[in-house]
Structure formats: structure tokens, C-alpha cells
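Asker: Each chain, written out:
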Amino acid sequence: MLGNCAAGPAGPDVRGRDDATSADGRRLLAGWGRTAPSLAQVRRIDRVADAERLLRSPPRRGLIARGLGRAYGDAAQNSGGQVLDMRGLRAAAQPDEQGLISVGAGLSLGELIDHALPRGWFPSVVPGTRHVTIGGAIAADIHGKNHHRDGCFTRYVESLHLLTAAGNRFAVSPGGEPGVFAATAGGMGLTGVIVQATLRLMPVETSWMKAHTARLRDLDQALAEMASGDDDHRYSVAWIDCLARGAALGRSVLIRGDHAAENDLPSSRRAPAPSPLPRARLVAPPWAPSGLLRRSTVAAFNELYFHRSPRVASERLVPLHSFFFPLDAVEGWNRLYGWRGLLQYQFVVPFGAEAGLRRALELLSAHGAPAFLAVLKRFGPGGSPEAAWPNRATPGPGHTALGPDHPTLSFPMGGWTLALDLPATPDLGPVLGQLDELVARSGGRVYLAKDSRLRPELLEAMYPQLAQWQEVCARLDPGGVMRSDLGRRLGLHQDAAARATPNGRR
Amino acid sequence: MRDALGSVQSVLVLGGASDIALATVRRLIAQRTRTVVLAAREPERLEDTAAELRRLGATTVESVPFEGDDVESHERMLSDVFARHDDIDLVLIAFGVLGEQERGLRDDRAALGVLRTNFVGAASALLASARLLREQGHGAIVLLSSVAAERPRRSNFIYGSSKAGIDSLAQGLADELAPAGLQVMVVRPGMVRTKMTAGMKEVPLTTTADRVAEAIVDGLARRAHTVWVPPALRYVMAVLRHLPRPVFRRLDL
Chain E
65 MLGNCAAGPA GPDVRGRDDA TSADGRRLLA GWGRTAPSLA QVRRIDRVAD AERLLRSPPR
125 RGLIARGLGR AYGDAAQNSG GQVLDMRGLR AAAQPDEQGL ISVGAGLSLG ELIDHALPRG
185 WFPSVVPGTR HVTIGGAIAA DIHGKNHHRD GCFTRYVESL HLLTAAGNRF AVSPGGEPGV
245 FAATAGGMGL TGVIVQATLR LMPVETSWMK AHTARLRDLD QALAEMASGD DDHRYSVAWI
305 DCLARGAALG RSVLIRGDHA AENDLPSSRR APAPSPLPRA RLVAPPWAPS GLLRRSTVAA
365 FNELYFHRSP RVASERLVPL HSFFFPLDAV EGWNRLYGWR GLLQYQFVVP FGAEAGLRRA
425 LELLSAHGAP AFLAVLKRFG PGGSPEAAWP NRATPGPGHT ALGPDHPTLS FPMGGWTLAL
485 DLPATPDLGP VLGQLDELVA RSGGRVYLAK DSRLRPELLE AMYPQLAQWQ EVCARLDPGG
545 VMRSDLGRRL GLHQDAAARA TPNGRR
Chain Z
-10 MRDALGSVQS VLVLGGASDI ALATVRRLIA QRTRTVVLAA REPERLEDTA AELRRLGATT
50 VESVPFEGDD VESHERMLSD VFARHDDIDL VLIAFGVLGE QERGLRDDRA ALGVLRTNFV
110 GAASALLASA RLLREQGHGA IVLLSSVAAE RPRRSNFIYG SSKAGIDSLA QGLADELAPA
170 GLQVMVVRPG MVRTKMTAGM KEVPLTTTAD RVAEAIVDGL ARRAHTVWVP PALRYVMAVL
230 RHLPRPVFRR LDL
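Residue numbers (our numbering), protein chains in the order written: chain E, 65 to 570; chain Z, -10 to 242.
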């Protein structure tokens, strides 16, 4: 049922037909999870001036920038308003000798890799897909398998150009106007429209990875192994079987790796320069029944996946793309979840709250939520001062100032993060509600770029800098022009009183 | 905004004194609903209800005057509500009259009054709500129809014809709006114990307002287009619909 196709990344994801345009010229847009689509006027931005013009005469329901639509929920939707399709801004300069590169916000990480890898450079942070734009990566402050060592994406953003609500363009850097960089990094696009960024890349010699795979029998072993051994590798992530119960609770496959140097390769693999990444090889069918990925099929997959990985730790060379972006091999894999769509639940709990993590796994496994490919990762210390980062890559000047007091909605914090994809079935509501409570009680938070259903009352407990972030937004955008469905749903722009209920009930 | 699992955060009820509507609103508040607008003929009589809904967890409860028969006023009244609130995620159309079949047969004006409220009035509210939701870019409409819409029965075909008309309009609108991502759900309860049916003889499969509310909330989460309460009625009515006329007539339903 999977056919061969060499198509490139799709434009903004549209639920159902790709040409779904309603009579009034608006389009139905959804996130990657395809769960809560809404209608908006999509405006293509080919030059920065296009966005400046739109910002000067915004519609009543405001506007938001959209890249490749890979946020799972409603972050890049704006029902009844405008959505700026940023994919036209794809310019990329040459990286300089220090690895600094200036790129348009609509460029995807995949395109950046194609451009920079043959020149010996690689993005300092990449997520699990290359189909993410630079603007989106900044707005969600994405992280990758190297967070424990290198931190998140915006640590390698030297500066960016932001169009604010009045249509003015200004350069924003970590050491610049107080709060603006911090509020934009992870600000879900609500401080303004990011049009350009200067990134710090990391040097690599080859397009190969040295990967180590190890089977871990339960949660204790997984946590112990990650706590003791992660720092020996630049990248580390565990695939975890959320359906395993009892003694096997938390059984995992730990995958760690480092960029292979020229010397690590056999002579047959050596090339004059790292080669660019191949395209997707498979395409998911345009529709699939809801219920294809159910408990029985997912449990069978998990069983197979666990047992096909080597029992004892082993090292092998793997191509860079299959190490970082395994799911990119199947284009449109989100369609396999059928018309109901999927949601991703990702949370982090701080170190010391391991009991909360265990409880979360127990809840999930007891509920039997069919989580296909759940991922467990040990984060480094979030936005903490530089001193807390061992063996780090070199972030730029000014980043030392980004402490926990900054007005940021950036997700990562020192601790454990678990991410799971789930079919969006109605029975998920209660169990995810319980998880929200548990995560908030444990001092953790859920990731807004993945969220599509958080109870708004918990937002402030999870993001204690929310009020400071709102102050920066109010300063940059007094008229409330920057708006998204995510912002409306969570009341990101409301004060606490409007979000809270009088008696604190659910 | 609706979330990924179909929960709504704000609801506008047309027919805010309806038992079924209020039971539904209570259940919605137990989920994510925090804003409730009750539109009713006598909003001043809803003060206790509003206080109760606030106690349950709603942060904004508003009562506004609304007259189902006064179709000229609908557009304006609905636009005002939509303008006052950032979003209205759900419009619940719950007003209607049962009428008296016997009286309707003697007095045309009484029969036409039932049609005016249940069909013309509801159609006006339905069409205006659909337009506003489309402009807003998202949302859902729930229309309280009835099993009576499925096949005219001798004992209440005046009411039945009014529900058949509005049910039909809502189904068509559901298909029209589906590509725009809007949900229109038709709810077909059987006999429900409410103030509308107080004193009437109960029939088999009689249900309660709370059961209907439960089915509505569940249907929203499933993004259903039609909901029967109790669900068995779907099959009962499927059989009744296909009975030959002479047989159906002799059943004297």
C-alpha cells in the first residue's frame, strides 16, 4: 500500500484535498496531527515587503506565520484571520569560516542541510524531521537528540529579523532589547513575524553517523544508562515501549551516536565532501481508515522493534538521514492515522521527579494508549547559565544572559522528556487530563508546539514566565495583531483571572 | 477554540431555558467550556441558572433576549453575540414547541404557529449561525430535531413535519459546510421527560434530558452528523420507515 514516489516536501498541510479552497478564497488549514482544522486566508510571502504590507492592515482576527505545518496542533492556524505562508523566503547565504550563515525564515532545515552539508557544515540542532522551517524552529525553540549537550535551537541563533505588529523590521539578538529575543525563542510566532535569521552551524566531516544501539529491559535501567552514559555521546535518545507493563515497564531501545569523522569511514565510503540527503522514498496513501494504528497493531510493532534491536550494545555506521530523520522516509505518514488524525503528547519533568515519569508510564500502559514510537530523552539544563553546560558546542555571545528569569515559553528544562504519538480517539481525554495534572504537579510542562488539547488553567503552572512573556507581547503588539488558534485556545493573551475558574475545578 | 478531541470552550444556546440544552451545558462545563451565552425569550428568568453554571465552573455566563418566531431579529442578535466574544465554538439550537395535534387540526393558525417556530424560526437561526461560524473559520452547530422527523405519524404529524423540515435543512447544510471544516449535528431523541412533555403518557424508550446531553457531548467528540437517543431508536425507526403504508396506518402510532 505504500507506493514509490520522489516528491519533495509538501506546502502548508491542508486537511483532505490539497486544493481545498473555499468559495471565499480561504483555505482549511490543520497541523500535522490534522485534528482541529480551521479556515483562514492564506497569503504567500515572497518578499519581506509583502509581510510588512499585510502587518500594516491586519484583519480583525489578526495573523500568524506558517512554515511547513509540522507543529502537531493549532500553532500555525488562525481561524477567520490571515495565515502568512513563509515558504517564499528561502534565501541562503554561504556559511562563513566560523559556520555563521544567514538564511530566510521560510528555508527548511532539509534545504539548509542540502546547502551546507557538502560544504562541511550541519545545523547545531535538528529535530526528528527535516521538514521544519527556520522560522518555525525558532518559534517553537525546537530541540534534538543532542539537547543534553548542546541545548536547544535558539542557542545557535546569533540574531534574527522580526517584523512587529506595526510592520517595522528590527534586528533581535540575545544581548539586544531586553526580553525580545527570549520571548521570540519559543514564542510560538506570537511576538511578530520572523523573516530572517543568522545561525551558527557545526562543522562535520562526513554525512555518516557512528550509532550505538542497546536494549534496556526496564525504566530503571533506561534512566540509569542515560544519566551515566549520555555525556559520552553528542546524540542520545531512547525509543520506549509504552504498552509494556509490570516488570517490563519502560523497556527501551537506546540509540546514541556521534558524527563520523573521515577516519571513521572505510575507504569505500569516503567522499571528497559530505553528500546531500536523499529524498523520501515512500508516500503514505491519501487516506487510511481511522483505527489502522490501534492497540493490537502497535503492540505487535513494538514487540518486533524491541526484539530486532541488538541484545548487547553494538556500534555501526549509518547514514545521517536515517539516524536523524527515519520517519521522513515515508512522506505524509500522518495520514496513516486516518480521518481522526493523531496528537502528540510531549512533556518534560525535572530531574528529581522520576517518580512522576514512572507514574505517567503506568497511566499510559494501564490505559493501553497505542503509542507508536514513543521517545524518551534526557534534557540538559534548559535555559540555565553557561556554566551548567558540560562539553557544549559554542553558542554565540549574549546567550549567557538567557537565564530562567527571562520571559520565555521555551519548552526544554533539565529533566526527562517523553513524547508519544497517539490516534486522536475521544477516550484519550481523561487519561491525558490526568497526565497534565501529574506533569504540572511534578514541576514539568507540556510542549506547546505539540499541544492540541491542554487545559488552559494549567498553563501558568507549567510556564511560570507567562506573565513576563505577555508583557513583552503587549509592548511589541499592543493591538493584538499576532493571533493563532493555539493562542486563543490556551488564552495565551489573557490574564490569569480569565483563564482560571473560580473554584479551581477541572 | 475546539481542541483536538472535539471539546468546546464556548457555547451559545438558542432556547436557553430548554432542559436538554441546560443538561448539555452542564456536561460541557465539566469538560472545557467556560463561556456560556443563553438566549431565551425571558432571559431575566435565567438568573438562578446562570449562577448555577458559574458555580459549576463557567467564567462568563450571559443571558440575552431571543424570540424564535421573530426571524427579523436573529441576524442582529447573533452578530452581536459573535462580536462580543472572541469565539463561539458551538451554537446549540434548542428552541421549539410541541403544539397540540388536536388543536392544530381544528385551528390552522395553531398548526402554522408550530411550523413557524420549529421550522421557519429554527431555519433562520440555523442559516445565520452557519454564516457567522464560517466567517469565524471554525465551529459546530447542534440542532435538536426529533425521531418525529423520520416518518410522519398520525398522532403528531404537525410537529413531525416541522422537525422533518428543519432536520432536512440541517443535513444539507452539514454537507455544504463539511469542506469548510464546520460540523452540523442533528440530534433525534425519542420522547424525553422534560417540562415540554410533562403530563404526557410515556412510550417505550422514553429517555431523559441528561441522556440526550450525554449523547450530544459524545457526538461532538466523535464529530458525528446524526445522533439518536437512545441509540436503539435508529433501528426502530429504520424498521418503521420501511413499513408499508397500510400496515403503518393500522399501528395507529
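Please keep in mind that the hints were generated in silico from the structure rather than gathered at the bench.
Please read all numbers here as calculations on a predicted model, not as lab measurements.
Accuracy of the hints is not assured; some may be wrong.
[Said to hold, decoys possible] Beta-carbon label-pair distances, calculated as ranges:
no. : chain 1 : residue 1 : chain 2 : residue 2 : range
1   : Z       : R143      : E       : R358      : 23 to 33 Å
2   : Z       : P219      : E       : G310      : 51 to 61 Å
3   : E       : R117      : Z       : A167      : 28 to 38 Å
4   : Z       : A167      : E       : R333      : 27 to 37 Å
5   : E       : L356      : Z       : L94       : 31 to 41 Å
6   : Z       : G161      : E       : R120      : 40 to 50 Å
7   : Z       : P193      : E       : G544      : 49 to 59 Å
C-beta atoms are modelled at their ideal positions from N, C-alpha and C, and glycine is treated no differently.
Asker: Each hint should be assessed against the structure and marked as holding or not.
Answerer: To see whether the hints hold, each was checked on the structure:
Distance hint check: the CB atoms of R143/Z and R358/E are about 47 Å apart, inconsistent with the given range 23 to 33 Å. A hinted range of 51 to 61 Å is violated for the C-beta pair P219/Z and G310/E, which are about 40 Å apart. Restraint check, R117/E to A167/Z: a C-beta distance of roughly 34 Å satisfies the suggested window 28 to 38 Å. A hinted range of 27 to 37 Å for the beta carbons of A167/Z and R333/E is inconsistent with their spacing of about 53 Å.
Checking the proposed 31 to 41 Å range against L356/E and L94/Z shows it is violated: the Cβ atoms sit about 55 Å from each other. Taking the beta carbon of each, G161/Z and R120/E are about 41 Å apart, inside 40 to 50 Å as hinted. About 55 Å separates the C-beta atoms of P193/Z and G544/E, a value consistent with the hinted range of 49 to 59 Å.
Taken one by one, the earlier hints fail for this structure at numbers 1, 2, 4 and 5, listed in ascending order.
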